[in-house]
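Q: Residues per chain, in single letters:
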Amino acid sequence: MSKGKAWKYGDDINTDVIFPGKYTYSILEPEEMARHALEDLDPDFAQRVKEGDVIVAGRNFGCGSSREQAATCLKAAGVQAVIAKSFARIFFRNAINQGLPALQSEEAVDSVENGEEVDIDISSGRIKTGKGIFPFSPFPDSVLGIIKEGGLIPYTRKRLKQSQKRRC
Amino acid sequence: MGRTFSEKVLGFKAGAEVRAGEVVTVSPDYILSHDNSAAIIKEFNKLGVDKVRCPKKLVIILDHVVPASSEKYAANHKAIREFVSRQKIPNFFDIHQGICHQVFSENGFALPGKLILGADSHTTSYGALGAFSAGIGRSEVASLWATDEIWLRVPETIKIEIKGRLPSGVYAKDIILRVIGAEGADRANYKTVEFSGETVRRLSVASRLVLANMAAEMGAKNAFIRPDESVIPWIKERARDEFEVIGSDPDAKYEAVLDHDVSSLQPQIACPHTVDNVMPVSELEGLKFHQAVIGTCTNGRLEDLEVAAVILRGKTVHPRVRALVIPASRQVYLEALNKGLINVFAEAGCLVLNPGCGPCLGAHQGILAPGEVALSTANRNFRGRMGSRDAEIYLASPATVAASLLEGKIADPRRYL
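Chains as they are written, first to last, in the numbering used here: chain A, 6 to 173; chain B, 8 to 424.
Treat the hints with care, since some could be wrong.
[What the hints assert, rightly or not] In silico DSBU-like pairs for lysine-lysine, Cα to Cα no more than 30 angstroms straight-line:
{"no.": "1", "chain 1": "A", "residue 1": "Lys-133", "chain 2": "A", "residue 2": "Lys-10"}
{"no.": "2", "chain 1": "A", "residue 1": "Lys-55", "chain 2": "B", "residue 2": "Lys-49"}
{"no.": "3", "chain 1": "A", "residue 1": "Lys-166", "chain 2": "B", "residue 2": "Lys-53"}
{"no.": "4", "chain 1": "B", "residue 1": "Lys-58", "chain 2": "A", "residue 2": "Lys-166"}
{"no.": "5", "chain 1": "A", "residue 1": "Lys-90", "chain 2": "B", "residue 2": "Lys-166"}
{"no.": "6", "chain 1": "B", "residue 1": "Lys-260", "chain 2": "A", "residue 2": "Lys-90"}
{"no.": "7", "chain 1": "A", "residue 1": "Lys-163", "chain 2": "B", "residue 2": "Lys-49"}
{"no.": "8", "chain 1": "A", "residue 1": "Lys-153", "chain 2": "B", "residue 2": "Lys-20"}
{"no.": "9", "chain 1": "B", "residue 1": "Lys-58", "chain 2": "A", "residue 2": "Lys-163"}
{"no.": "10", "chain 1": "B", "residue 1": "Lys-95", "chain 2": "A", "residue 2": "Lys-166"}
{"no.": "11", "chain 1": "A", "residue 1": "Lys-153", "chain 2": "B", "residue 2": "Lys-49"}
{"no.": "12", "chain 1": "B", "residue 1": "Lys-20", "chain 2": "A", "residue 2": "Lys-163"}
Hints are computed from structural coordinates only; laboratory data are not their basis. Computed from a prediction, not measured in an experiment: that's the story for all the values here.
Generate coordinates for the entire structure from the input sequences, incorporating the hints supplied.
A: Set out below in structure tokens:
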């Protein structure tokens, strides 16, 4: 993985401010979702985010709705990973299933200032910031497999090709 | 060492003895989706299979934007109807039936011991009837339609023991707001929340659904209330399938046991912009608002409409405020009609809308303008949720909302009961 600029936010960033509910059933294309990413939290974000940037946030990132677009819009906007002190359960699954690494490290979050450069290595499980190198628990192979395939849909597609049909 | 409800259900489904923290691969009994089925179909179509593996497990209920408010929503609904017919999905509920969680429960899918997964965060609701039910994302639902399999982590369980007799004018909504306010919005992240205690045992099915529904606002993966003799007849009357009541063993290992005594609880209100920003209604009395909503998957059931009607009967909504009343389902609507409640609301000056999610998620039917304040019986008050990011949402019980409607400002319902 690579270096990217940190966009730092606080605790309890919910899915409504990441991707507003008014768009959830009308916008179906990831590129269009990206234009509304974080719209109700940081209206400048979608215009200024660059490929490879990183979201850095506090506790309970992605709480609220099960809308997967909260992960899709960030991924489509070019975000390479989200680093948070903790993640809400459904967002965590959705991020993995969209091929967006969700990395938990309280120390890394505390060490990063907004706008600073962050260097992430997914396979070795480390985050490098201006203040040091911080490990995060590496993903189990099955989850890493989903991320490497670019998300659950391509992963399942591949698996279905290989698997035997089972009775319902 | 005994096992928790979640360890038992997921273990049974996985065909193994499991403990919290383990990851299992399981097949659910039912898979719920709603208007988001249109987006799920798009993902499903990328998987390279023609057929849904187990069509009888799918339950699709249109509720989020019903009837369609734009051409785009209409096209989504049309795509879903065509998919349902092509895939021969027997359990489809079109736009006239009501909110998915209410329709799902009323129609006997939510059964003790079943494993239910849904593309909606409030899928936690069915724990009120003894099911293991959790919300998942769209890709996972698409993948489940094709494979009938999913990985789940067996959650740890937090037991919330509620005791004390509820004072008059205080309801299940006030209990859960108080609990979330005290424990925080992420206290139960990735965990099972098991509600127990004498107070819970005295609650109706509708009130139990309020607790389980809002467990999602503590981050819970699922909620659980052990079904007892007071709710089993309700479940049996509707059950689509056989079921077995499963509960935690007496010596099961809980991550924590949290005690809450509600015997002197006051009506509670969640303030903008998080659900755990809770205080007693008495501290906010007199705060003006513009629009109120009585309805949603949290509080749109008959008992909710009944208490609101008791307060509004023969009176008029304050002329400065707008009142939206939304029965949770067609069945609730019919019962409310037969009991004369709809008359009470219409005479009081409320706008009675069709069963569905209404403006709760900010898509239609009462969007807020910048600077407006809403008071709602819903479960979420995040910034921008009901429209403008510069609007504010307060959450309370149907009684508090009804009393406030009379005054045009936040009011303590105990003065009207």
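Q: It remains to establish, for every hint, whether it holds in the given structure.
A: These are the hints, each one checked on the structure:
1. A:Lys-133 to A:Lys-10: 12 angstroms, holds
2. A:Lys-55 to B:Lys-49: 28 angstroms, holds
3. A:Lys-166 to B:Lys-53: 13 angstroms, holds
4. B:Lys-58 to A:Lys-166: Given that 30 angstroms is the threshold and the Cα spacing comes to 14 angstroms, the pair holds.
5. A:Lys-90 to B:Lys-166: 25 angstroms, holds
6. B:Lys-260 to A:Lys-90: Holds, at roughly 26 angstroms.
7. A:Lys-163 to B:Lys-49: 17 angstroms, holds
8. A:Lys-153 to B:Lys-20: Cα-Cα ~29 angstroms, so holds.
9. B:Lys-58 to A:Lys-163: Roughly 16 angstroms between the alpha carbons, so the hint for B:Lys-58 and A:Lys-163 holds.
10. B:Lys-95 to A:Lys-166: Measuring from Cα to Cα gives roughly 24 angstroms; hence the hint holds.
11. A:Lys-153 to B:Lys-49: 22 angstroms, holds
12. B:Lys-20 to A:Lys-163: Cα-Cα ~25 angstroms, so holds.
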